[in-house]
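> Sequence:
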Amino acid sequence: MLRTHTAGELTKANVGQSISLCGWVDQLRDIGQLVFLSLRDRYGVTQCVFESANAEHPLLAKLKSLGHEFCVRVDGVVRMRSEKDINRSQPSGEIEVVIDELTILNESCELPFQVRDDVMAADDLRLKFRYLDLRRPKMQRNLQIRHQVVQATREALSELGFLEIETPMLIRSTPEGARDFVVPSRLHPGKFYALPQSPQLYKQMLMISGCDRYFQFAQAFRDEDLRADRVPVHTQIDMEMSFVEEKDVFAAVEKYMSNIFMKVKGIKLDTPFHIMSYQEAMDRFGCDKPDTRFALELKTITELAYKSSFGVFKDASCVRCLVVPNGESVTRKDLDGELADAAKIYGAKGLAWTRVKEGSLSGGIGKFLSEIEKPLLSEIGAQEGALILFVAASYNRCCAALSAVRLKLAAKLDLIDHSQFNFLWVNDFPLFEWDEDRKAYNAMHHLFTMPKVEDIQYLDSDPGRVRGQLYDLVLNGVELCSGSIRINRPEIQSQVIDIVGMPKEEAESKFGFLLESFKYGAPPHGGSAVGLDRLVAILCGESSIREVIAYPCNNVGVFPLDNSPAQLNPQQLGELKLSINPSQDA
RNA sequence: GGGGGAGUAGUUAAGUUGGUUAUAACGCCGGCCUGUCACGCCGGAGGCCGCGGGUUCAAGUCCCGUCUCUCCCGCCA
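Using the numbering used here, read the first sequence as starting at 5 and increasing by one per residue.
No wet-lab data here; the hints were simulated from the structure.
In this text, all values refer to a predicted model and were calculated from it rather than measured experimentally.
It is possible that some hints are incorrect.
To be verified - In silico BS3-like cross-links for lysine-lysine, where the CA-CA straight-line distance does not exceed 25 angstroms: (1) 337 - 311; (2) 142 - 132; (3) 523 - 195; (4) 303 - 132; (5) 259 - 303; (6) 443 - 416; (7) 293 - 337; (8) 293 - 311; (9) 378 - 361; (10) 348 - 303; (11) 361 - 303; (12) 272 - 293; (13) 142 - 348; (14) 267 - 353; (15) 348 - 412; (16) 416 - 337; (17) 251 - 311.
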């Protein structure tokens with residue numbers, strides 16, 4: 005090794021030792037005949053120092069020639085700093101290294117941005133020079149936490165008897181759900197592989213193989229439009245178990261999640277996590293991934309609202325409201341601006357409001373509600389000073405709009421305790437959702453989810469009523485995980501395929517191999533997939549998953565570092581027997 | 001596919017109802033400094049104001065187009 009120690013590990017225990025450090029020039033503080041060099045590596049920063057009465061000393065000159073991010077090696081002796089010079093904010097702040105020799109391992113060009121946690125460059129520039137961006141201590145810490153999460157998961161699942169097994173990356177394209185990334189085959193011109201959107205089918209077949217318990221850190225690829233928290237490649241903690249019911253999957257997830265929080269945060273999680281049905285979540289929070297760190301629950305007042313003189317309410321299929329206790333600080337500007345906009349984005353025509361003042365409704369639409377004032381106040385439990393916000397639309401739009409308003413209000417009124425980690429299982433999702441365009445049912449999750457046993461009787465008569473053995477894990481309003489108990493019986497599987505209107509031949513050609521595998525003693529099984537990037541982002545206190553992925557792409561799917569995607573050269577296209585038709589619009 | 005926002009020095013930003021030489025901080029270069037740690041002080045260089053067109057005596061500023069990025073809806077677990 006070119007070094008004996010790292011910059012993060014030296015303490016007063018090393019005083020008097022001759023040591024060598026390698027790293028980068030974090031900062032050079034040149035006081036003339038006294039020069040301080042802060043040397044940074046992954047482990048921390050150590051102050052190195054050289055002083056000389058001789059202003060012409062060659063080592064002084066060499067130190068002064070250093071620039072930011074030069075890669076250097078320092079040989080020297082560790083010494084205690086005098087009491088007044090101790091830096092309490094650094095782990096190695098009690099000591100410093102007196103430089104005997106300085107080796108410049110490599111110089112650095114002038115930097116595109118400063119490598120410091122408190123200096124933030126634009127995202128695209130950071131990604132173009134990602135190797136510099138990752139030198140920042142915060143990014144190093146994020147990668148380290150990600151590693152700890154992976155290790156803690158591996159440890160806990162291994163202990164439970166799970167096998168880590170890889171599933172194929174080049175698979176058959178099944179145009180269900182998201183668009184596939186496709187890979188042309190050279191050996192089979194005109195044919196394409198797809199990159200997996202999830203290892204779903206392969207992990208289910210591992211259960212049929214008798215592997216019993218599987219997990220994998222699986223990369224999942226989706227060719228869809230991006231968002232701040234959505235990238236085309238993300239990593240899942242993917243697992244599957246045989247001979248289980250929902251609660252067994254919950255227990256396994258809770259086990260590794262507990263290990264993660266203990267190892268990374270030193271926090272003991274309260275298990276089992278609270279469970280809430282989809283319907284309850286929608287009724288109370290208007291959202292299937294409610295942030296339960298604050299209250300602000302929704303109420304449905306459709307029947308009562310019809311009796312008011314407010315015309316908009318009479319025309320709506322559903323009227324829901326949100327009661328904000330002590331809502332005086334929410335201004336007209338907020339109501340008509342930010343909050344109304346939030347509601348409108350999700351399909352509400354507007355956001356009606358009124359306030360409880362001196363026991364009656366005042367302001368906004370209050371004057372139209374006098375007929376129902378008393379029953380309304382008691383039904384929704386609004387107290388003096390409350391602000392009441394209404395949306396009149398379909399049930400789903402009411403939920404979406406008021407849920408968005410609820411989140412805005414929580415931020416505005418500072419209702420969220422950011423030290424909390426609120427886990428919540430949401431289950432009993434509907435198995436199907438109605439697709440208005442297609443005039444048919446779609447699978448809410450995927451086609452392989454087992455209906456709830458007591459709802460199987462409605463599969464033929466009323467599919468919309470059938471709930472699935474389908475669950476999400478929500479943490480602080482972020483959907484971390486989804487999973488289900490799978491169908492293992494061919495006759496139920498074909499019923500489900502019928503309901504979504506997929507012809508038998510199509511099902512056969514897309515995933516006939518899975519259906520066939522069910523015929524050979526497929527065990528009852530189920531599993532889940534946790535979004536690793538989102539989990540790590542929450543643990544790091546980051547709002548974007550790009551902060552916890554070493555090499556993410558930007559928001560339009562371009563990776564500025566290597567400038568992918570890129571064109572293929574004619575020879576490559578020729579080998580693949582592909583031609584590009586640029587004039588064709590999709 | 002649709003809507004909002006942004007693009008000015010290496011970086012991050014300011015730039016008034018259109019008006020002289022386009023500011024600041026950090027970085028960079030030079031000088032001074034023996035206890036700094038966001039070191040300090042003095043000096044300096046650095047600009048196609050994203051690109052193209054238009055309005056005007058005059059455009060960083062107004063208009064149109066275009067490119068890039070960003071946030072959101074749709075889409076997507």
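> Now tell me if each hint is right for this structure.
Now for the hints, and whether the structure bears them out:
This hinted pair does not check out: residue 337 and residue 311 have alpha carbons roughly 29 angstroms apart, beyond 25 angstroms. The straight-line distance between the Cα atoms of residue 142 and residue 132 is roughly 18 angstroms, inside the 25 angstroms bound, and the hint therefore holds. Proposed proximity of residue 523 and residue 195 is contradicted: the alpha carbons are some 29 angstroms apart, above 25 angstroms. A hinted pair counts as satisfied when its Cα atoms are at most 25 angstroms apart, and residue 303 with residue 132 does not qualify at roughly 49 angstroms.
At most 25 angstroms may separate the alpha-carbon atoms for a hinted pair to count; residue 259 and residue 303 exceed this at roughly 35 angstroms. About 40 angstroms separates the Cα atoms of residue 443 and residue 416, which puts this hinted pair outside 25 angstroms; it is violated. Pair hint residue 293 plus residue 337 does not hold up; C-alpha atoms about 28 angstroms apart against a cutoff of 25 angstroms. Taking the CA atoms of residue 293 and residue 311, the gap is about 32 angstroms. The hint is violated against a cut of 25 angstroms.
For a cut-off of 25 angstroms, the pair hint linking residue 378 to residue 361 stands: about 13 angstroms separates their Cα positions. Distance hint between residue 348 and residue 303 is fulfilled; the C-alpha atoms sit about 19 angstroms from each other, no more than 25 angstroms. For the suggested pair residue 361 and residue 303, the alpha carbons sit about 20 angstroms apart, so the restraint of at most 25 angstroms is met. Annotation: proposed proximity of residue 272 to residue 293 holds, straight-line Cα distance about 23 angstroms (limit 25 angstroms).
For the proposed pair residue 142 and residue 348, the alpha carbon gap of about 38 angstroms is over 25 angstroms, so the pair is violated. Between the alpha carbons of residue 267 and residue 353 the distance comes to roughly 48 angstroms, so the proposed pair goes past 25 angstroms and is violated. For the hint pairing residue 348 with residue 412, the CA-to-CA distance comes to about 13 angstroms; that is within 25 angstroms, so the pair holds. Restraint check: the Cα-Cα separation between residue 416 and residue 337 comes to about 13 angstroms, which is no more than 25 angstroms; the hinted pair holds.
As the CA atoms of residue 251 and residue 311 are separated by approximately 44 angstroms, the hinted pair breaks the 25 angstroms bound.
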